[in-house]
Amino acid sequence: MSDSGYAIDVHGLNKHFGSKHVVKDLSLQVRKGEIFGFLGPNGSGKTTSIRMMCGLLTPDSGTGQCLGYELVRDADAIKRNVGYMTQKFSYWDDLTIRENLDFVARIYQMPNRREVVDRTLENLGLTTRASQLTGSLSGGWKQRLALAACMLHEPQLLLLDEPTAGVDPSARRDFWEELHRLAARGISVLVSTHYMDEAERCHKLAYIAYGQLLAQGTAAEVIAGQALSTWAISGDNLSSLSQALHGLPGVAQTVVFGGALHVSGNDDALLETTLREAIAGKPLQMTRVATGLEDVFIYMMNRSSDNFGPPP
Amino acid sequence: MMRWPGFSVARWWSIVLKEFLQLRRDRITFGMIVGLPIVQLALFGFAINTDPRHLSTAVIAAEHSEFTRSYLAALRNSDYFDIVATLPDEAAGRQALAQGRVQFVINIPAGFTRKLLRGERPALLVEADATDPAATGMALGALNLIAQSAMRKDLTGPLARLQAGPAAYDITVHRLYNAEGNTQYNVVPGLMGVILTMTMVMMTGLAMTRERERGTMENLLATPVRPIEVMTGKIIPYVAIGLIQASIILLAARFVFHVPFMGSIAAIYIAALLFIAANLTVGITLSSLAQNQLQAMQLTMFYFLPNLLLSGFMFPFRGMPQWAQFIGNLLPLTHFNRLIRGILLKGSGLAELWPSLWPLLLFTCVVMTVAVKFYRRTLD
Ligand SMILES: Nc1ncnc2c1ncn2[C@@H]1O[C@H](COP(=O)(O)OP(=O)(O)O)[C@@H](O)[C@H]1O
Ligand SMILES: [Mg+2]
Numbered sequence: 018m019s020d021s022g023y024a025i026d027v028h029g030l031n032k033h034f035g036s037k038h039v040v041k042d043l044s045l046q047v048r049k050g051e052i053f054g055f056l057g058p059n060g061s062g063k064t065t066s067i068r069m070m071c072g073l074l075t076p077d078s079g080t081g082q083c084l085g086y087e088l089v090r091d092a093d094a095i096k097r098n099v100g101y102m103t104q105k106f107s108y109w110d111d112l113t114i115r116e117n118l119d120f121v122a123r124i125y126q127m128p129n130r131r132e133v134v135d136r137t138l139e140n141l142g143l144t145t146r147a148s149q150l151t152g153s154l155s156g157g158w159k160q161r162l163a164l165a166a167c168m169l170h171e172p173q174l175l176l177l178d179e180p181t182a183g184v185d186p187s188a189r190r191d192f193w194e195e196l197h198r199l200a201a202r203g204i205s206v207l208v209s210t211h212y213m214d215e216a217e218r219c220h221k222l223a224y225i226a227y228g229q230l231l232a233q234g235t236a237a238e239v240i241a242g243q244a245l246s247t248w249a250i251s252g253d254n255l256s257s258l259s260q261a262l263h264g265l266p267g268v269a270q271t272v273v274f275g276g277a278l279h280v281s282g283n284d285d286a287l288l289e290t291t292l293r294e295a296i297a298g299k300p301l302q303m304t305r306v307a308t309g310l311e312d313v314f315i316y317m318m319n320r321s322s323d324n325f326g327p328p329p
Numbered sequence: 101m102m103r104w105p106g107f108s109v110a111r112w113w114s115i116v117l118k119e120f121l122q123l124r125r126d127r128i129t130f131g132m133i134v135g136l137p138i139v140q141l142a143l144f145g146f147a148i149n150t151d152p153r154h155l156s157t158a159v160i161a162a163e164h165s166e167f168t169r170s171y172l173a174a175l176r177n178s179d180y181f182d183i184v185a186t187l188p189d190e191a192a193g194r195q196a197l198a199q200g201r202v203q204f205v206i207n208i209p210a211g212f213t214r215k216l217l218r219g220e221r222p223a224l225l226v227e228a229d230a231t232d233p234a235a236t237g238m239a240l241g242a243l244n245l246i247a248q249s250a251m252r253k254d255l256t257g258p259l260a261r262l263q264a265g266p267a268a269y270d271i272t273v274h275r276l277y278n279a280e281g282n283t284q285y286n287v288v289p290g291l292m293g294v295i296l297t298m299t300m301v302m303m304t305g306l307a308m309t310r311e312r313e314r315g316t317m318e319n320l321l322a323t324p325v326r327p328i329e330v331m332t333g334k335i336i337p338y339v340a341i342g343l344i345q346a347s348i349i350l351l352a353a354r355f356v357f358h359v360p361f362m363g364s365i366a367a368i369y370i371a372a373l374l375f376i377a378a379n380l381t382v383g384i385t386l387s388s389l390a391q392n393q394l395q396a397m398q399l400t401m402f403y404f405l406p407n408l409l410l411s412g413f414m415f416p417f418r419g420m421p422q423w424a425q426f427i428g429n430l431l432p433l434t435h436f437n438r439l440i441r442g443i444l445l446k447g448s449g450l451a452e453l454w455p456s457l458w459p460l461l462l463f464t465c466v467v468m469t470v471a472v473k474f475y476r477r478t479l480d
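Read top to bottom, the protein sequences are chains S and V.
Everything in the first sequence is counted per the working numbering, starting at 18 for the first residue and increasing by one.
Everything in the second sequence is counted per the working numbering, starting at 101 for the first residue and increasing by one.
Calculated directly from the structure, the hints in this document are not laboratory data.
Note that this is a predicted model, so its numbers are computed, not measured.
Some hints here could point you the wrong way.
To give an idea of the interface, some chain V residues facing chain S are shown, with a C-beta separation under 8 Å as derived from the structure [unchecked claim]:
(1) 108
(2) 125
(3) 129
(4) 140
(5) 316
(6) 318
(7) 319
(8) 322
(9) 325
(10) 327
(11) 354
(12) 358
(13) 479
(14) 480
Cβ-Cβ distance ranges computed for the label pairs, FRET-style [as the list claims (entries may be wrong)]:
(15) V:142 to S:77: 47 to 57 Å
(16) V:339 to S:194: 23 to 33 Å
(17) S:302 to V:391: 34 to 44 Å
In silico DMTMM-like cross-links for lysine to aspartate or glutamate, where the CA-CA straight-line distance does not exceed 25 Å [claimed, not checked]:
(18) V:473 to S:215
(19) S:159 to V:311
(20) S:159 to V:126
(21) S:221 to S:191
(22) S:105 to V:311
(23) S:105 to V:166
(24) S:37 to V:166
(25) S:41 to S:91
(26) S:49 to S:215
(27) S:105 to S:238
(28) S:105 to V:126
(29) V:215 to S:93
(30) S:49 to S:93
(31) V:473 to S:191
(32) V:215 to V:166
(33) S:37 to V:126
Beta carbons are placed, not taken as given, at the ideal position from N, Cα and C, and that holds for glycine.
The following block holds chain V by itself, in its conformation from the complex (with noise of 0.2 Å):
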């Protein structure tokens, strides 16, 4: 057997298999890995509706008039975009798009002031990212609305005549990624970092509890086995169950829901992998960190909340206040969030996923030291 000072394959392997028997024992769990999922999916697979605003939204303007200031000051009083950039072409745009960084790109095409005077309704090109359609459904409404507005206030005098029809230009909406604004395809997704979160934490923040609570954790500290053998030896079973629940998840997506697959499945399990490591580090942390049983699942619960609510799972990640967003970025499942997203709908291939890919690998191993750090070596 492989050996190297503090580590010992061969008792890390007899944890593995202790839990792997013990698992399987366990009717109760069981059922959880499969009904959780099932269930979730049940009550999740529902739109979620919001009204998000502050989107953020990139401008490339060809052209400056009058006109389009107002046009772009509407904009920003409408409370639904924040203009956070300013780009120089539409490839600029759409790899904005792609990465994220922004919601919309408004595209302002030159000559349109020179148009728009002349009567023949110019189109202002918008591009939306859809994939989350309540984000992007709300502020794409308000469009016209603001459209019609600006346009009272600029058109006066002899050009009073303009205000006439309901706008005097046309909005060219492309909704990218998600074209039918189908709520389902974003939410199914997003529910898989969701349903492994509450698993996978719930289930390991039990593991260490339930030794110190039945008494067996004194039997398991006398023995020679290390901190680091039984920490990763408990989670092994574990990433087994998140594959196969990640798994359910993805069959029900595409068969019931009909969520396309723009990207590659290996990209998917990749990124679950990541995930559902994060995730166990957590579980297997606040598992030593507590007491007793309920103590875990309170801490499994105060870690679920903001994942829940900060994550862009419930709402638009850009439709927070900066600080929300700043939590989010620390959380695993806003960046599994992203990368699901971005491999099932966009197609997304690891050049655009690594901006969360690694934050991903930083937490597992950060959270995994504290896990490690964290482990009471006797009964003091």
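Just chain S, with the same shape it has in the complex (with noise of 0.2 Å):
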């Protein structure tokens, strides 16, 4: 095992499903103790690039590491030390709660393993609900159960696909305090979502549309590696405006938040010309905000579906 202070290190990961190329040259690093966001749209790759790190799949091409265990070649150790927790629950609706902890816990070979099930379930809170089937358990109470089982061998790394899908705001925050709580024991945690707020969450953000990783660093340098500025416009009949600035010389993109329209651009000059032209006369104020994680996304993923995607 070589110690090179990453948890993840992978270098040019493809794969192909057929003729579709659903991850090209993906190069992540992920720090240990690090919280590492993994974002973009439906169907940019996310869980694949996920299941290749941990074993699930076998990239075409592309090399890498996980905790200093070689992709493929090591998919025994690397599965005996990674925590994975998939996208759609996957755990024996026909088996107890107990029942789906004690096998994981049979399977990973805990040497205590009465007392490591015992424990879990009572940190869950499902200690009285223990011999309740699992299929009976409802959206929330399944992710946080899978959640704790596949913490149940104490991984150096978690792997998360969409951990908080479907699951309400309160549920949320205590999920993330608990993350930041193992992150700060020094376990690492690569966890893709669709929340804005929980990117904002994350140590580090990489962003994938249609299999190709656009950014990667701290949410700052993501942000600041687009370059973008952004005003935001308010008033009445903003969807009006937004499709007159489209195409107009500076605009980027539109984007409508709220009560307010945020148009951005790469030319700050330019566009503050082209928007004080286009509100002119108006009952409309524009401002220059700070250029949001939400605005580079929609920024990136637009561009590349010019560049990569299907037609529109």
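The task is to assemble the complex, starting from two chains supplied on their own in separate frames and drawing on the hints.
Structure (structure tokens):
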């Protein structure tokens, strides 16, 4: 086991399904003790990438290590040391909660199996429902059970595929607090998500669209990397303004955010001129705002669909 | 816990436990375990009548004369009998019957022709393996007719007077093993193999595809569990089920159909255990080949049909064309049918059973290897 300081270090991973190029030249580094957010629209290849990292899919090309173990070659060691939470709940509905946890503890050959299972049940608050069939749990509870189960064998690296999809906000907050506690203990986490607020809670981010990794780094780095300036316009009839702005010089994109229209572009001076002309004589105000992650993600996705995606 | 490269008993046991727990909660499967043997016994317990031909026959000819030659020619022409061997004595004949190499032994005693010409009505001894009465019944019926027509042709001139009677000699038939010609004696033990084939292959055929369809396979694959542990762990509970089914059928055979139990119960269970293992490996292989449960069911049927048709359960094995016998010999059910009939009806011991035991062992090992080879360790 080499000690590169990286929990995940992969280079040039590719994966095809038939003629479909689902992951393209993915290179990604996750440091130990880091919470790494993996973002991207549906079907962009997040699940496929994660599956390659934990040995469930064989990359067509590329190399990499998880916890210092070589992908493919050391698949067994990776499986023993990584906790993987699948996007779709994948524990056994026809086993009870305790039986599921017990199965996991046995399969990882935990020496103190009973104790670990009891403690997990207690932490989950499921001790009294331990002999209930897992299939009867609600979505949120299944999510929590799955997370607890994939951490049962105390892995040093967690790969979590949309762990908070369909979970209510307060449960999500608890979940993220737990993730930060784990990270503080030196456990590394790669977590894919859809939620922007969650993206901001990660130490590092990667954004993937159509199989292409478009940006990687801290939130600030990702935002800075696109060199966008953004103006917020408020007032009435914003949707017709949005249409009118399309294609004008300096305007890269328009996005409605609550009561305001965010307009972004790469050439700040040109954008400002265009906007001032556009709102002249109308009851609208414009202010410069900091470009947010969401602006950047939308920008990147639109650009990538021009470059790599299917025809709109 | 015991450990050696690639296999962990602890992990294997976790799979076994999980399968037992899931099985316990699966009412439909449980119903099948008990219901299927009962329904099948009721359906097939009735005779399946057939009129098989080309049955292998051995001849012990103590003398060669024109009459014996023409009689044997008539036998051959009848389509019922294929003379496959000429044996020196009765002991050799008995052995050939016991091993199932021939269905009939026709014994032409010394002095037959002389007695015939003197009008002493000599006896022609026919020994038949009546284990499967369907296979022997019609052929035995044909024997007398054949005798008459053969005589008519040969007894001419001064001997024509001998034609007068129904036949100039007697045919003595010894039905061995199942003297009363009771079809159920044959069908009911045969049914054991058929039911076990169907339920074992079907239930394990679904074992892997079920995990795949429910998405739990992804979880299983993400753990360090190994293919051999999953495969063997998953079939263990079905071994128990197979033995329960075998017991149900044996009880019915004994107390409902009054099938004689000539051999030892231990031998029956050893044969059953081997046969169950053979079928489970088939099931688990099919289930790693199949993409979904429907495909698994189709593959099960695809496997089941030749077993049903070519194993000697439906049609007497020796009556089938060569190519069908060849395929039949590759199928576990064929060998199990020989074993179970041998044990129950003939009281065969290990020595006589061995020719049918080793093919089952070999089959199980080969198929298990294939199963592990075909197990997909990734989701690719
Ligand atoms: N096993 C598979 N066979 C064929 N195509 C697949 C398979 N798994 C995923 N895909 C396709 O690959 C693309 C990426 O999927 P996925 O990795 O699940 O994306 P994400 O997790 O980002 O939503 C999708 O277009 C999906 O349809
Ligand atoms: Mg996904």
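Results of checking the hints against the structure:
For residue 108 of chain V, the interface hint holds, since its Cβ comes within 8 Å of a Cβ in chain S; the closest pair sits about 7 Å apart. The beta carbon of residue 125 of chain V is positioned within 8 Å of a beta carbon in chain S (closest approach about 5 Å), and the interface hint is therefore held. Contact between residue 129 of chain V and chain S, as hinted, is not supported at the beta carbon level, the nearest pair being about 11 Å apart and thus beyond 8 Å. With a least beta-carbon distance of about 27 Å to chain S, the hint placing residue 140 of chain V at the interface is violated under the 8 Å criterion.
Interface hint status for residue 316 of chain V: upheld, as the beta-carbon distance to the closest one in chain S is roughly 5 Å, under 8 Å. The beta carbon of residue 318 of chain V is positioned within 8 Å of a beta carbon in chain S (closest approach about 5 Å), and the interface hint is therefore held. Given hint, residue 319 of chain V at the interface with chain S, holds; its Cβ is 4 Å from that chain's nearest Cβ, closer than 8 Å. The closest approach between the C-beta of residue 322 of chain V and any C-beta of chain S is roughly 4 Å, which is under the 8 Å cut-off, so the hint is satisfied.
Hint on residue 325 of chain V holds. Least Cβ distance to chain S is approximately 5 Å, under the 8 Å limit. For the restraint placing residue 327 of chain V at the interface with chain S, the shortest Cβ-Cβ distance is roughly 12 Å, beyond the 8 Å limit, so the hint is violated. The restraint placing residue 354 of chain V at the interface with chain S is violated, with a minimum CB-CB distance near 36 Å, outside the 8 Å limit. Taking 8 Å as the C-beta contact cut-off toward chain S, the hint placing residue 358 of chain V at the interface is violated, the least distance being around 41 Å.
About 5 Å separates the beta-carbon of residue 479 of chain V from the nearest beta-carbon of chain S, less than 8 Å, and the hint is met. Interface restraint check: residue 480 of chain V against chain S, minimum CB-CB distance 6 Å, threshold 8 Å, status holds. Range check, residue 142 of chain V to residue 77 of chain S: Cβ separation about 56 Å, and the 47 to 57 Å hint holds. Checked against the hint of 23 to 33 Å, the C-beta distance between residue 339 of chain V and residue 194 of chain S comes to roughly 48 Å, which is inconsistent with it.
A C-beta distance of roughly 59 Å is found between residue 302 of chain S and residue 391 of chain V, which places it outside the suggested range of 34 to 44 Å. Proposed proximity of residue 473 of chain V and residue 215 of chain S is contradicted: the alpha carbons are some 43 Å apart, above 25 Å. Among the hinted pairs, residue 159 of chain S with residue 311 of chain V is consistent with the structure: their alpha-carbon atoms are about 18 Å apart, no more than 25 Å. Of the pairs offered as hints, the one joining residue 159 of chain S and residue 126 of chain V holds, with about 22 Å between alpha carbons and a cut-off of 25 Å not exceeded.
Using a Cα cut-off of 25 Å, the hinted pair residue 221 of chain S and residue 191 of chain S holds, with the two alpha carbons roughly 20 Å apart. Taking the CA atoms of residue 105 of chain S and residue 311 of chain V, the gap is near 13 Å; set against the 25 Å cutoff, the hint holds. Restraint check: the Cα-Cα separation between residue 105 of chain S and residue 166 of chain V comes to about 84 Å, which exceeds 25 Å; the hinted pair is violated. Note on residue 37 of chain S and residue 166 of chain V: the hinted pairing is violated, with a Cα-Cα distance of about 81 Å set against a maximum of 25 Å.
The hinted pair formed by residue 41 of chain S and residue 91 of chain S meets the criterion: a straight-line CA distance of about 23 Å does not exceed 25 Å. For the hint linking residue 49 of chain S to residue 215 of chain S, the alpha-carbon distance of about 19 Å falls within 25 Å, and the restraint holds. Straight-line distance between C-alpha atoms of residue 105 of chain S and residue 238 of chain S comes to about 32 Å, which puts the hinted pair past the 25 Å bound. Between residue 105 of chain S and residue 126 of chain V, the direct Cα distance comes to roughly 23 Å. Compliance with the 25 Å bound is thereby established for this hinted pair.
Between residue 215 of chain V and residue 93 of chain S the CA atoms are separated by roughly 83 Å; this puts the pair beyond 25 Å, and the hint is violated. Under the criterion of a C-alpha separation no larger than 25 Å, the hint pairing residue 49 of chain S with residue 93 of chain S is consistent with the structure, at around 20 Å. Restraint check: the Cα-Cα separation between residue 473 of chain V and residue 191 of chain S comes to about 44 Å, which exceeds 25 Å; the hinted pair is violated. At most 25 Å may separate the alpha-carbon atoms for a hinted pair to count; residue 215 of chain V and residue 166 of chain V meet this at roughly 14 Å.
Proximity of residue 37 of chain S to residue 126 of chain V is assessed by CA-CA distance (about 39 Å); at most 25 Å being required, the pair is judged violated.
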